[in-house]
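**Student:** Sequence:
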Amino acid sequence: MPPVDLRAGKAIYAAQCASCHGIELQGAPDWRMPGPDGTFPAPPHDETGHTWHHDDAMLFAYTKHGGAAAMRAQGMVEPNSGMPAFADILTDAEIRDVLSYIGSTWPDRIQAARASR
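All residue numbers for the sequence shown refer to the working numbering, where the first residue is 1 and numbers rise by one.
Rather than coming from a laboratory, the hints here were simulated on the basis of the structure.
Heads up, a few of these hints could be off.
Here are the simulated distance ranges between beta carbons [claimed, not checked]:
1. Gly35 / Pro2: 22 to 28 Å
2. Pro36 / Asp88: 26 to 32 Å
3. Glu24 / Met58: 22 to 28 Å
4. Asp37 / Pro2: 17 to 23 Å
5. Ala115 / Thr48: 16 to 22 Å
6. Ala85 / Val4: 18 to 24 Å
7. Ser116 / Met76: 21 to 27 Å
8. Arg109 / Asp56: 26 to 32 Å
9. Asp30 / Asp5: 30 to 36 Å
10. Gly38 / Ala14: 17 to 23 Å
11. Thr91 / Ser116: 28 to 34 Å
12. Gly35 / Met1: 34 to 40 Å
13. Met58 / Leu6: 19 to 25 Å
14. Glu24 / Ala112: 21 to 27 Å
No residue lacks a Cβ here, since even glycine has one placed at the ideal position from N, Cα and C.
Using the sequences plus the hints, can you model the full thing?
**Tutor:** This is the structure we're talking about:
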């Protein structure tokens, strides 16, 4: 597997993710409450959200295949995720770069907790 490129990940995040998740990774307002259509808004990717609670494989699948497909693959149908699939937009390496960039912004204590799992 090629090494990750955090600079590329940050640029890809800005171009592909920030419009929903926020340029500062802050997420959408009221991200814990579903919208009128039942879809949950984009959560934050900073330490205030739940992204860091998930393992790398789950985050990769969620990004590549989209939220609904990733959740169905785990036997879940709720909550209703609006996360689109990026399989036709980003390469696997680009997805890893984005996820690595996001993880690089987390405090040391969160990075250590994830590394110990």
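**Student:** Now tell me if each hint is right for this structure.
**Tutor:** Results for each hint:
1. Gly35 / Pro2: 22 to 28 Å: Between Gly35 and Pro2, where Cβ atoms are some 38 Å apart, the hint is violated.
2. Pro36 / Asp88: 26 to 32 Å: Since Pro36 and Asp88 have Cβ atoms about 28 Å apart, the given range 26 to 32 Å holds.
3. Glu24 / Met58: 22 to 28 Å: Taking Cβ atoms as reference, Glu24 and Met58 lie about 23 Å apart, which means the hint holds.
4. Asp37 / Pro2: 17 to 23 Å: Hint violated: Cβ distance 39 Å, outside 17 to 23 Å.
5. Ala115 / Thr48: 16 to 22 Å: holds, 20 Å
6. Ala85 / Val4: 18 to 24 Å: holds, 21 Å
7. Ser116 / Met76: 21 to 27 Å: holds, 26 Å
8. Arg109 / Asp56: 26 to 32 Å: violated, 18 Å
9. Asp30 / Asp5: 30 to 36 Å: holds, 33 Å
10. Gly38 / Ala14: 17 to 23 Å: For Ala14 against Gly38, whose Cβ atoms are near 29 Å apart, the range 17 to 23 Å is violated.
11. Thr91 / Ser116: 28 to 34 Å: With Cβ atoms ~30 Å apart, the hint holds.
12. Gly35 / Met1: 34 to 40 Å: Check passed, 37 Å falls within 34 to 40 Å.
13. Met58 / Leu6: 19 to 25 Å: The hint (19 to 25 Å, Cβ to Cβ) holds, given that Met58 and Leu6 are roughly 21 Å apart.
14. Glu24 / Ala112: 21 to 27 Å: holds, 23 Å
When the structure is compared with the earlier hints, violations turn up for hints 1, 4, 8, 10 and for no others.
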